[in-house]
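Protein chains in written order, with this note's numbering: chain H, 323 to 424; chain S, 28 to 688; chain A, 204 to 707; chain Y, 194 to 354.
Hints may be right or wrong, so weigh each one.
[As the list claims (entries may be wrong)] Straight-line Cα separation of at most 27 Å, BS3-like style, residue types lysine-lysine; simulated pairs:
hint, chain 1, residue 1, chain 2, residue 2
1, Y, 353, A, 241
2, A, 657, S, 189
3, S, 475, S, 395
4, S, 473, S, 396
5, S, 395, S, 473
6, S, 56, A, 657
7, S, 475, S, 396
8, S, 395, S, 474
9, S, 51, A, 241
10, S, 56, S, 198
11, Y, 353, H, 412
12, S, 475, S, 189
13, S, 198, A, 241
14, S, 51, S, 189
15, S, 189, S, 474
16, H, 349, Y, 353
17, S, 474, S, 396
18, Y, 320, Y, 309
19, A, 651, S, 189
20, H, 412, H, 349
21, S, 51, A, 651
22, S, 198, A, 657
What the hints contain is simulated information worked out from the structure, not anything from laboratory work.
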Amino acid sequence: MSVGLNHYLFLAAVLFVLGLYAVITKKNAVTVLMGIELILNAANINFVAFSRYTDTDMDGQVFAIFVIVTAAAAAAVALAIVLNLYERLKSINLDEADSLSG
Amino acid sequence: MITSAILILLLPLVAFIIQIFVGKRLPRKGDWVSTGAMFAALALSVGIFIDAVAQYEPNNVLATATWDWINFGPVHVTFGFLIDNLTAFMLVVVTLVSSLVHLYSIGYMHGDPRYNRYFAYLSLFSFSMLGLVLVDNLFGIYIFWELVGLSSYLLIGFWFEKDSAANASKKAFITNRVGDVGMFAGIMILFSITGTFSFNEVFAAVADGHVGGTLLTVAGILLFFGAIGKSAQFPLHVWLPDAMEGPTPVSALIHAATMVAAGVYMVGRTFVLYTPDALLFIAYIGTITAFIAATIAIVQMDIKRVLAYSTISQLGYMMVGLGTGGYTAGLFHLTTHAFFKALLFLGSGSVIHAVHTQEMDEMGGLRKKMPITFWTFLIATLSISGVFPLSGFWSKDAILASALGFGMTHPAHMPIFVVLLLSAGVTAFYMFRIVFLTFTGEPRDKKKYDHAHESPLTMTIPLVVLAVLSVGTIWWGWVEHMLVKPELASYGSHVASAVEHAAEEHGVAHSAHTIAMFSSVVVATLGILLSAVVYFWRKISADAWAEKLKPIHTFLWNKYYFDELYAATIIRVTLFKSRLFAAFDLKIIDGIVNGTGRLTAAFSRLQGSIDLRGVDGAVNFVARFVGYLGSQLRGLQTGNIQAYIMMALFAVVLLFVFQQF
Amino acid sequence: MDFSAVVQDNINSLLYFVPELILTGLILLLVVADLLLKEKHSPWMSIIALAGAVVVMFSVVGQYELGTRSIFNNMLVVDPFSLYFKLLFLASAIMVVFLSIGSIELAGRPVGEYFTLLMTLTLGMFLMASATNMLTIFVSIELVSIMSFVLATYLKTRRRSSEAGLKYAIYGAFSSGLMLYGISLLYGLTGTLNIYEIGEVLAGRDSHGLALVVSVIFIIAGFGYKIASVPFHFWSPDVYEGAPTPITAFLSVGPKAAGFAMLIRFFNVALATGGGGGSESWSATAGVDWPQLLAVISAATMTLGNLVALSQTNIKRLLAYSSIAHAGYALMGVVLLSEQGIHATMFYLVIYYMMNLGAFLVVIICQDIVGSERIEDYRGLAFRAPIPALAMGVFLFSLTGLPPTAGFIGKFYLFAGVIKAGTSFYWLAIVGLLNSVVALYYYARILKAMFFEKAGEEATSTLPVSPYYVTLLAVFAVPIIILGLYWAPLADLAHHSVGFLRAL
Amino acid sequence: MQDIMFYMFAALTIASAGVMVFSRSVIYSAVGLLFTFFGVAGIYVLLAADFVAVAQVMIYVGGILVLLLFGVMLSQRVTGVNMRTETLQTVPAAIVAVGVLFILFRVISKTEWLVKAKTTFEPTTAKLGTLLMTDYLIPFEIVSVLLLGALIGAAFIARKG
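Could you build the full structure based on these sequences and the hints that come with them?
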């Protein structure tokens with residue numbers, strides 16, 4: 323069977339789930355952020371694939387570019403926050419950041 | 028007339044605003060502002076009342092005024108006044124009792140550090156109650172209803188330094204809210220069907236048959252939930268005895284004339300909405316309340332608590348009156364009760380003021396020291412006991428006749444009458460118990476007795492005025508003419524049939540009257556005599572009888588095992604058992620004496636324990652369960668962000684599953 | 204549309220974009236002013252921010268005359284609905300500036316970035332309220348989120364604030380990831396990003412099945428995170444507790460309302476048909492029962508919020524849970540997908556804005572004068588600082604929904620809407636009513652502490668409250684009472700603003 | 194040919210993403226992510242999205258990943274803590290992940306997408322540039338404000354004091 327839309331979608335779905343898994347299980351805040359990047363990439367693959375395979379013009383590609391740019395901005399801020407927490411806690415393990423609870 | 032109505036409403040409101048902001052700086056801390064405003068409102072109310080009498084007609088609507096409050100789309104709310112005979116009556120009752128309580132408070136609250144605040148709250152309370160009486164729609168009645176709740180909260184907790192007072196006010200507020208939720212739901216059901224809140228339009232919609240059947244029954248019962256809360260009906264009556272923690276004049280105001288009357292008034296105002304089933308529900312709730320509260324009252328030693336339970340009991344009577352179709356009887360009892368119960372509370376306040384205790388154990392022989400208090404108190408007691416020809420006799424007799432008439436036409440419901448009659452005897456018994464324990468015999472606490480003195484004039488004048496009103500043989504004539512049951516023929520078919528069951532009784536009621544009158548006099552006399560035997564002549568010793576009747580304990584114990592089972596469905600069996608034992612122990616100590624007395628007492632003890640442990644327990648159980656649930660859910664918030672993410676994802680999967688199936 | 208027409212449309216749209224342009228100008232002005240002003244805590248920053256916000260407000264009001272129009276090639280829309288929300292955002296931003304000026308937590312922190320970020324966030328909310336394309340929806344949510352992350356971390360030297368920021372950032376990034384994935388599926392299903400076209404495509408087809416459900420649930424995850432509804436609420440108590448109190452107050456009002464604006468527009472335009480032109484209700488398209496799904500979320504949200512609030516001891520956290528519960532109440536109106544429901548929600552959000560910000564204001568004042576956020580330290584406050592205590596009474600009564608406060612009227616509209624919608628939502632109304640009883644319990648606990656309990660031995664002195672705070676308290680408390688008695692103007696405004704662009 | 198390319202890139206993407214997710218070393222994870230990004234860029238090329246592919250490499254690999262590594266270095270080297278990342282709640286996470294994967298697979302295979310394959314391959318850069326300046330002008334401007342705000346915010350948080 324030749325490669326079609328579904329193949330790309332399956333690939334994206336796998337990537338998405340791997341990202342979810344990383345976000346939930348990794349203690350290290352930076353690896354959690356990496357997991358989020360996986361999720362975003364999965365969505366982007368969807369966008370570009372739909373843009374290619376369905377009658378939709380280039381909207382999907384444009385969307386993907388916007389996602390990449392905002393992801394960069396979000397990553398910059400998130401990292402700044404992680405480093406800031408590191409200065410307080412001397413650790414970037416998320417399970418140690420639990421003073422707020424209940 | 029509308030101008031007077033607006034003034035009546037504004038006077039206490041303005042007094043409240045003045046008192047709360049500048050009261051402290053006024054001469055005499057401004058007590059004259061509130062009191063003056065109230066008396067002015069009284070004068071205006073009397074004016075309206077005289078008009079009502081002058082243009083007398085049954086169900087006469089004297090004046091209405093409606094303003095658009097908000098008007099667009101689906102929600103159209105008007106604000107307006109409706110003044111008819113019922114309103115005129117209630118205005119006089121509320122303003123009269125309230126003014127007397129104001130006057131009385133000047134003496135009673137003298138020297139309190141928050142004197143001006145107290146009067147501010149009183150004014151707010153009167154404002155809310157008058158608004159409740161005046162408005163012409165369900166929406167308005169709900170708002171003022173809540174305001175009444177709020178101001179009672181402030182007044183009951185007035186001495187918040189006492190933990191018990193702070194807790195009592197919270198309990199009152201929350202218990203009332205439970206009922207209010209039902210009421211709100213009832214109002215919203217009516218609104219959702221008729222699209223209006225106005226009494227007239229809702230009634231008209233009911234008359235046209237737009238609303239009917241089960242839905243109307245449900246709406247009526249839900250509305251009545253509000254009254255269950257405010258008028259302290261079973262099973263939400265638990266707040267009222269605790270609410271005695273407030274200053275005594277407040278008790279008189281809240282528990283005699285206004286707050287508790289609000290529920291009865293509301294049922295009267297919306298009388299035509301209730302289907303036969305809803306009315307029957309009301310009647311039975313009233314019966315249960317009347318009996319339970321009366322039996323509990325027998326064994327209380329705190330003078331104000333006895334009065335509190337007696338209020339609950341009398342409110343039950345009023346509900347029975349309304350529920351059995353005796354519209355006039357129920358509202359009449361509301362009026363007479365307002366006066367004699369206010370008198371009883373103010374009288375007890377006078378006693379408490381003199382001896383600085385509420386325990387009847389520490390009183391006795393006060394008759395000589397406080398003659399005015401004694402005589403007025405005695406008049407009120409005779410009245411509440413239903414002794415001819417005092418006001419209480421007429422109104423209670425009317426209710427009994429209504430119940431009997433209902434029982435005669437529907438024999439299955441005869442027990443209502445029987446239970447009420449029994450309760451009437453019990454009422455006479457426990458009321459005279461107060462009189463004997465407090466005013467006669469040897470002083471049990473010499474020091475307190477020596478210290479006692481008659482209260483100042485500001486306190487005794489209200490007593491005398493109320494005593495005169497409690498005698499009021501003339502009342503009945505007025506009321507019968509003024510408060511005629513709404514012309515139901517003009518309303519739709521089902522309501523007509525609903526009230527037919529009462530209407531046809533009217534014929535029966537006449538013959539029922541004679542029987543009811545006779546039997547109630549007999550029962551009252553028996554109750555008084557019994558009380559006198561035990562507490563005045565002291566022919567029977569409590570302790571001796573407690574010993575003799577030991578087998579009866581066991582018998583009672585087994586008999587009420589069913590009740591215990593019933594209660595155990597609410598709380599855990601073991602817990603209840605141990606508490607029941609404790610309740611019986613208590614009973615042996617200060618138990619009651621004579622055969623009947625013994626039985627009734629045991630019964631009332633049990634009722635009391637079901638009441639305290641069972642109902643309170645149920646309320647507490649629900650509260651605790653909700654709290655437990657909350658703390659369990661709180662456990663989800665572990666502080667770990669990844670756990671949150673996982674739960675959210677899990678929920679996403681769940682939502683998906685939910686959406687698919 | 205050919206090239207020149209598109210450019211022309213962009214140029215024409217500028218007229219409809221004036222408030223946003225002014226706001227952008229204000230942001231740049233703040234950046235420049237921060238560089239120019241030598242002093243790090245210059246009061247000028249707040250004055251510029253306030254003055255700018257007021258100017259924007261006037262220009263928003265002016266837009267009411269322009270009518271309804273889709274701008275920038277259907278990326279955004281200007282309609283009374285968005286204008287109503289924009290006014291609400293501005294009102295929150297202005298009040299939060301006032302709250303921040305006095306806040307003891309923020310004292311000594313640099314003000315330049317603070318106000319710049321605050322105004323950028325406000326711009327983001329403006330765009331959220333008028334976005335009509337999945338791309339603008341996504342980008343404006345990101346704009347608001349990223350600014351919120353930074354503001355939550357603003358007390359970066361404090362552990363609680365840092366931790367709040369981190370949690371917020373991770374949860375927020377994760378949610379937008381989910382939402383993005385949902386959007387991509389929806390895009391694949393319908394072949395367009397424009398919500399009007401999405402609506403048309405979905406209405407034209409009868410079955411969509413799984414894919415639509417999954418994509419919309421993922422998108423709800425994004426909206427739900429913004430409005431903090433169960434089960435996407437987990438971040439909010441922690442963030443609300445850790446963030447600086449003025450920011451907590453802002454987050455609990457502004458972005459939440461923006462999320463509602465977006466949720467309402469998205470559901471009514473893309474997932475429902477009918478309505479418009481004053482007609483009664485819309486029906487859900489695509490054979491999926493969205494109303495019931497939203498109703499379940501609404502019921503779960505208010506129940507969880509209220510139950511967990513019962514056992515809180517920190518007042519900020521308690522208010523966080525209470526604001527979750529209020530999101531549940533406000534959702535009751537969205538559930539119906541009807542004009543009346545939306546009207547009720549819009550009306551409620553404004554009232555919620557006043558009572559919630561008011562409550563947080565009292566918290567800020569107490570941080571200053573009592574120095575604590577624990578409820579037990581509020582004991583006897585009524586005697587030590589009567590004015591804040593009294594105001595708190597008003598706010599809590601309103602939050603509970605007791606007359607004669609505005610909170611009662613707001614709840615009343617919501618319940619009226621739900622009940623009028625017919626029997627299928629009676630259960631929701633009942634859940635709502637039961638919840639209001641539960642809510643009373645924990646609000647009463649605060650009141651009891653303030654009015655009916657005595658302060659500890661060491662704390663008996665009267666606490667001074669500055670006239671500045673007294674004025675602010677009055678600004679919140681008085682309207683709550685007035686609106687409780689005469690709410691027609693606000694209700695009229697809300698009613699007038701319900702009409703939003705339904706189709707292109 | 195295209196098919197083989199797809200499977201190669203897909204294998205690269207998933208395998209390196211797997212390394213990223215399951216490796217215990219943060220550095221390995223970062224390297225895994227690097228190759229994932231490259232793999233995804235390859236996928237974009239296959240999908241005729243040349244500009245997106247370039248943006249992916251430039252921004253993700255050049256920007257974000259470096260940023261992430263920078264974060265790792267800065268926070269771990271100082272204390273000499275070994276660069277390991279522990280895992281938690283793996284079992285429930287696996288269950289949820291499998292559940293989501295199952296749902297997504299069902300969705301993808303059950304849905305009738307509006308497939309209309311475009312076989313032509315044309316450069317997209319110019320077209321995208323025009324789109325950004327016309328149809329997508331406003332999101333473009335919003336993103337510029339977003340970047341400004343993020344810049345100010347990140348700088349504020351990162352700087353001392």
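To see whether the hints hold, each was checked on the structure:
Among the hinted pairs, residue 353 of chain Y with residue 241 of chain A is consistent with the structure: their alpha-carbon atoms are about 19 Å apart, no more than 27 Å. For the suggested pair residue 657 of chain A and residue 189 of chain S, the alpha carbons sit about 10 Å apart, so the restraint of at most 27 Å is met. For the given pair, residue 475 of chain S sits about 14 Å from residue 395 of chain S by alpha-carbon distance, which is consistent with the 27 Å threshold. Distance check on the hinted pair: residue 473 of chain S and residue 396 of chain S sit about 13 Å apart at the alpha-carbon level, within 27 Å; holds.
Taking the CA atoms of residue 395 of chain S and residue 473 of chain S, the gap is about 14 Å. The hint holds against a cut of 27 Å. Distance check on the hinted pair: residue 56 of chain S and residue 657 of chain A sit about 25 Å apart at the alpha-carbon level, within 27 Å; holds. Restraint check: the Cα-Cα separation between residue 475 of chain S and residue 396 of chain S comes to about 11 Å, which is no more than 27 Å; the hinted pair holds. With a C-alpha separation of about 15 Å, the suggested pair residue 395 of chain S and residue 474 of chain S falls inside the 27 Å cut-off, and the hint holds.
At most 27 Å may separate the alpha-carbon atoms for a hinted pair to count; residue 51 of chain S and residue 241 of chain A exceed this at roughly 51 Å. For the hint pairing residue 56 of chain S with residue 198 of chain S, the CA-to-CA distance comes to about 30 Å; that exceeds 27 Å, so the pair is violated. Note on residue 353 of chain Y and residue 412 of chain H: the hinted pairing holds, with a Cα-Cα distance of about 16 Å set against a maximum of 27 Å. With a C-alpha separation of about 23 Å, the suggested pairing of residue 475 of chain S with residue 189 of chain S holds against the 27 Å cut-off.
Of the pairs offered as hints, the one joining residue 198 of chain S and residue 241 of chain A is violated, with about 59 Å between alpha carbons and a cut-off of 27 Å exceeded. Restraint check for residue 51 of chain S and residue 189 of chain S: satisfied, since their Cα atoms lie roughly 23 Å apart, inside the 27 Å limit. For the hint pairing residue 189 of chain S with residue 474 of chain S, the CA-to-CA distance comes to about 25 Å; that is within 27 Å, so the pair holds. As the CA atoms of residue 349 of chain H and residue 353 of chain Y are separated by approximately 26 Å, the hinted pair is consistent with the 27 Å bound.
A hinted pair counts as satisfied when its Cα atoms are at most 27 Å apart, and residue 474 of chain S with residue 396 of chain S qualifies at roughly 13 Å. Taking the CA atoms of residue 320 of chain Y and residue 309 of chain Y, the gap is near 20 Å; set against the 27 Å cutoff, the hint holds. Between residue 651 of chain A and residue 189 of chain S the alpha-carbon distance is near 13 Å, which keeps this suggested pair within the 27 Å criterion. Using a Cα cut-off of 27 Å, the hinted pair residue 412 of chain H and residue 349 of chain H holds, with the two alpha carbons roughly 14 Å apart.
Taking the CA atoms of residue 51 of chain S and residue 651 of chain A, the gap is near 24 Å; set against the 27 Å cutoff, the hint holds. For the suggested pair residue 198 of chain S and residue 657 of chain A, the alpha carbons sit about 19 Å apart, so the restraint of at most 27 Å is met.
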